[in-house]
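Undergrad: Assemble chain X onto chain P, guided by the hints.
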Amino acid sequence: MALQLTINGISIGAIYALIAVGFAVVFNIMRFSNFAHGGMISACAFISFFFQRAFDPPPPFFVTVLFSAVCGMGIALLIDTLGYRRIRLKNSPKIYYFLMSLTFAILIEQILTVFFGTDIYGFPSVFKSQTFEIGSMIFKTMNIVILAVSVVILVALVWMINKTKIGLAIRAVAINADTSRLMGINSSVIVTVIFIIAGVLAGVSGVFLGVQYGVFPSVGPSMMLKGFIASIIGGLGSLSGAIFAALALGLIEMFLTFFIGATEATVILFGIMLAFLFIRPQGIMGIIVEDKA
Amino acid sequence: MSAYQTGLIVQISITIMTVVAVFAMTGLAGMFSLGQAAYMAVGAYVTFVLSRFLDIPYPITGIISILISILLSWIIAVPTLKLRRDYFALITVGFSQMILALVLLFEDFTRGSIGFSKIPRMDNLLLVSLVGLALIIFWIRNLKYSRFGRMCIALKNDEIAARSFGIDVYHLKIKIYVLASAIASFAGILMALRNRVITPDSFGWAQSAEMQIFLFFGGTNSLTGAILSAGGLKLLPEFVRDVTLFGVSMQEYRTIIYAILIIIVINFRPQGILGEKEINFKWLKNLYRRFKQSILKKNESYD
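Chains P and X are the protein sequences, given in the same order.
Letter 1 of the first sequence, counting from 1, is numbered 1 in our numbering, and no numbers are missing.
Each number in our numbering corresponds to the 1-based position in the second sequence with 293 added.
I should point out that these hints are in silico values taken from the structure, not numbers from a laboratory.
Zero decoy hints are in this set.
Computed beta-carbon distance windows for the label pairs: (1) P:90 / X:573: 27 to 35 Å; (2) P:90 / X:572: 22 to 30 Å; (3) X:360 / P:92: 37 to 45 Å; (4) P:214 / X:407: 20 to 28 Å; (5) P:184 / X:557: 34 to 42 Å.
With a cut-off of at most 27 Å between alpha-carbon atoms, the simulated DSS-like pairs for lysine-lysine come out as follows: (6) X:375 / P:94; (7) X:578 / X:590; (8) X:591 / X:575; (9) X:570 / P:90; (10) X:591 / X:578; (11) X:575 / X:590; (12) X:437 / P:94; (13) X:437 / X:375; (14) X:375 / X:449; (15) X:375 / X:468; (16) X:449 / P:90; (17) X:437 / X:570; (18) X:578 / X:437; (19) P:94 / X:449; (20) X:449 / X:570; (21) X:437 / X:449; (22) X:570 / P:94; (23) X:468 / X:449; (24) X:585 / X:575; (25) X:468 / P:94; (26) X:570 / X:468.
Beta carbons: idealized from backbone N, C-alpha and C, even for Gly.
Just chain P, same shape as in the assembly (with noise of 0.2 Å):
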């Protein structure tokens, strides 16, 4: 039993790390909270479950998470050039950035309630076999593959960052946007892969919350939640921090869902986000950014 809970536990964990990463991503560059993410996740839910049901037989379901991964994308960047770059161009306060994001996450909930209602509309099943045992233990199909496409996903990212020469851009950015432009990077081509990255997370993260809660308007958002309360356990911009934090999120979640019960759990949640901020501020990893006034 507590075995199968703590697969299912690192399973959402990866979930939240992925949306948490999203959002941790945005924020390194950019500075501020984006929002808009939980708008992102929402509507790739929304297109994923159109697009499995579109076809007959269903496509495969690796199809079904690439496509909402592109899309994500799409969402992403047209959210930055209807929204961001125009206070970007600007140089306006950091408060725009937020109350834009704050704006699409509103309106795409809103357009997708307005045309689907707030009804869960449940994700049909994509694997022949819901589960599959070994030994005494029964798993589910889906978290295992989860959990596999988040971890891959989320190295990928990481030697990306670390290793290859647009993540050395990348960090040069999340230093000084403007010295790393002296240096001769081209810090607006970096804010769209920036942007790529947030809106493929999104898109992933949208399928895999649509799989496991159902369909609705809101699920984005109110998930996005877990994400936030994962980057500030892990940090502020910090990705292993975020990635840690999720994962422990997850597993503590689950096992106060099951001893506890589920609306409990997110009071208790918010508790250790709060105490974590009392005791240990800079987060887990223990980097504290500064406010550049």
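TA: Showing chain X alone in chain P's frame:
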């Protein structure tokens, strides 16, 4: 006046009240909170649940609920406001989710997602809300032009500079957040009295976001801009109630319309519709002075 009109006026004055509270926080001090609807929920639920189960008249429990909101906002503010601004926005989102989870958790008292109904009728609600609104606007207006308000504006524009001028930034932020939360919980009580039923859905983070949208539409630096845009945008869907698009009443689209409007405003006029301007009665005074002068001149020419 029909019940519909009265209800509409009360609703608009509640909206303006919340937006004015957000103006004090975001417009003056530059703090971006997304949890103001949660304080409305605290006000509404604590007032009427306590009044029902302890058998105390609701004006007394109303005061208790405002005190509880003040305490809660203080608890949230103390650890969060020491950190950079982004934490504050995130924590307030988390806080609003937590309050709604608590409402669902104490289902025995709050009746959960079904909604807490049978809230007593208040006869002179219109009067109370209008007087309350006027007092709050007057208060915040005075705040803006006071020493406190000027310190807030200094803090908003450059926190480090404000600190180097000897302004206690941390305590200033706590004060203004607590104040905004108290106003929000008062508005929550009025909203419960108007609707006579409270559900957790009506206090989601979308409501908090709506307040910010109204504020930015009118202009973050203009109190009258915030008031006018809150009133105007809230009234706007009422005119298009009968229009339908894709078989859905235009009223359903109101948030989408707000969102599109604000995207246009932020892109092309980021300071908001009114910008820095305040609508006041100075021009009337000037007109009067000029009028008096011209009469004096005429009299002189007669001499």
